[in-house]
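Protein chains: 2
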Amino acid sequence: MQQCCDAYAQAGFGGVSVWRNVVAPNEGGVGLAEAVKIVKGSGLQVPAYVRGGFFPAADAAKRQEAIDHNKQVLDEAAALGAEQVVLVVGAVPGLPLDEARKQVANGIAACLPHAQQAGVKLSIEPLHPMYAGDKSCINRMAEAREICERLQSPWLGIALDVYHCWWDPDLEVEIRLAGEQGTLLGYHVCDWRLETRHLLTDRGLMGDGCIDIAGITQMVRATGFAGLAEVEVFSEQYWAMDQDQYLELIAQRCG
Amino acid sequence: MQQCCDAYAQAGFGGVSVWRNVVAPNEGGVGLAEAVKIVKGSGLQVPAYVRGGFFPAADAAKRQEAIDHNKQVLDEAAALGAEQVVLVVGAVPGLPLDEARKQVANGIAACLPHAQQAGVKLSIEPLHPMYAGDKSCINRMAEAREICERLQSPWLGIALDVYHCWWDPDLEVEIRLAGEQGTLLGYHVCDWRLETRHLLTDRGLMGDGCIDIAGITQMVRATGFAGLAEVEVFSEQYWAMDQDQYLELIAQRCG
Chain A
1 MQQCCDAYAQ AGFGGVSVWR NVVAPNEGGV GLAEAVKIVK GSGLQVPAYV RGGFFPAADA
61 AKRQEAIDHN KQVLDEAAAL GAEQVVLVVG AVPGLPLDEA RKQVANGIAA CLPHAQQAGV
121 KLSIEPLHPM YAGDKSCINR MAEAREICER LQSPWLGIAL DVYHCWWDPD LEVEIRLAGE
181 QGTLLGYHVC DWRLETRHLL TDRGLMGDGC IDIAGITQMV RATGFAGLAE VEVFSEQYWA
241 MDQDQYLELI AQRCG
Chain B
1 MQQCCDAYAQ AGFGGVSVWR NVVAPNEGGV GLAEAVKIVK GSGLQVPAYV RGGFFPAADA
61 AKRQEAIDHN KQVLDEAAAL GAEQVVLVVG AVPGLPLDEA RKQVANGIAA CLPHAQQAGV
121 KLSIEPLHPM YAGDKSCINR MAEAREICER LQSPWLGIAL DVYHCWWDPD LEVEIRLAGE
181 QGTLLGYHVC DWRLETRHLL TDRGLMGDGC IDIAGITQMV RATGFAGLAE VEVFSEQYWA
241 MDQDQYLELI AQRCG
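Going line by line, the protein sequences match chains A and B. Numbering follows this note's numbering, in which position 197 of the first sequence is assigned residue number 197; successive positions increment by one, without gaps. Numbering follows this note's numbering, in which position 139 of the second sequence is assigned residue number 139; successive positions increment by one, without gaps.
This is chain A alone, in the form it adopts within the complex (with noise of 0.2 angstroms):
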């Protein structure tokens, strides 16, 4: 982490997003104080942590144990002066789907006290379809939308992730509304490669696939949307490259 963050600074990004892996001792991370020295001396911004959500179960038990562990990650990222706590929402395998949404709608409505309390958004982040099986239930922009505007709270928007959501023709509309409403909270970048040679790790690097990058930037940004773009590549190919290497890459398709 402490590489990672030197690393970035050093080639001028401007913060980085905290995936709570690298913090969480029973994920194998450095433990929160050590990861807010880092990211504090740093001097990076942090604008999520990652990853909060997973709240519909089958049983009421397990559902309040998401809502709790939701609760103590929203505290983790003010502590480590995120400004948001991404929320990869949940589905579950067997539990049909407007049920899993309604659950989410809960979760989400019982954590936003603590989000408030915590000074830390929560960004629900839209997932693609091809996740619905048992990561999010949540598969378009709208359908985040639906949700914040049910709930109605300064303390919940909506993270854009060009990877999950290119494809959607109510894309243009749905950014200029979150703009409108307030909620375009986080705004993650990377491709769509033609090839896909698998559903979880081999995103591509902005250039390598078919999404109009520019153009959705163009579209985020026309909203007064003034965050960070963060680059987010989940790819085995990227991560067997020398890393300095792939960060020098990652700055050229940033420019």
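These are calculated hints, taken from the structure and not from any lab test. Hints may contain errors.
Same chains, same label: a pair holds when it works inside one copy or across any pair of copies.
Quick list of in silico lysine to any residue cross-link-like pairs, SDA-like style, CA-CA up to 25 angstroms [claimed, not checked]:
(1) Lys62 / Leu199
(2) Lys135 / Asp161
(3) Lys71 / Phe13
(4) Lys135 / Ser235
(5) Lys135 / Asp191
(6) Lys102 / Arg193
(7) Lys135 / Gln64
(8) Lys102 / Leu194
(9) Lys37 / Leu247
(10) Lys37 / Asp59
(11) Lys71 / Thr196
(12) Lys71 / Arg176
(13) Lys102 / Gly215
(14) Lys71 / Val36
(15) Lys135 / Arg193
(16) Lys62 / Asp212
(17) Lys62 / Thr201
(18) Lys71 / Ala24
(19) Lys71 / Val88
(20) Lys62 / Tyr8
(21) Lys135 / Asp170
(22) Lys102 / Gln218
(23) Lys135 / Ala214
(24) Lys62 / Ala24
(25) Lys102 / Thr217
(26) Lys135 / Asp202
Chain B: place on chain A using the hints.
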């Protein structure tokens, strides 16, 4: 093809949708005359001839070629006694999706008089958003419905495949609308494997995955749809099985 049709009829299946690659000699098929002889001899219905479409292209000459090709496909479908030609509408990397969608509507419009003449319907098959890069710029039933509403032809409708559309929160509404508008022309079943290993050739057989097929089938039948449910499972795993045993397994899973 003969072997398949004999086996399907023997196993009590009511029909077979014919893929063009088993018909067209330039794709390795048996030739149209022979294909007609085989299907007519089998007594099987032919819900669909698969597939037309692929309308968008960067230049006008290629778009006209696609239209001409689709007309030929309609003629072949008529010879086979197929009720419909299924359209995988196409998408072109680098061509903006909204432009591609316009070209699709224009291409279909140009084919409709020929469809009427041939007595064969065209059905738009919305493809899963993971195919938006190069196979289909129409990814939800709502988008297919919009084209049907615009073109207003009794020769145009929608083929619903649970694999592509199961995740869509608007699915129930769209199925009902398609029923009301008389545009529900085809119904394809298979399953979504949670650990999908390949984007094209790892579909599940009904029961292997997480789709509520019984629920969707009920919605489809509630519209009055009286067509055959078509089993369509692109799967390296099942293709590698003994195909007689596979046919028995399919029959069980249809039960």
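Which hint numbers doesn't this structure obey? 1, 3, 10, 11, 12, 17 and 20
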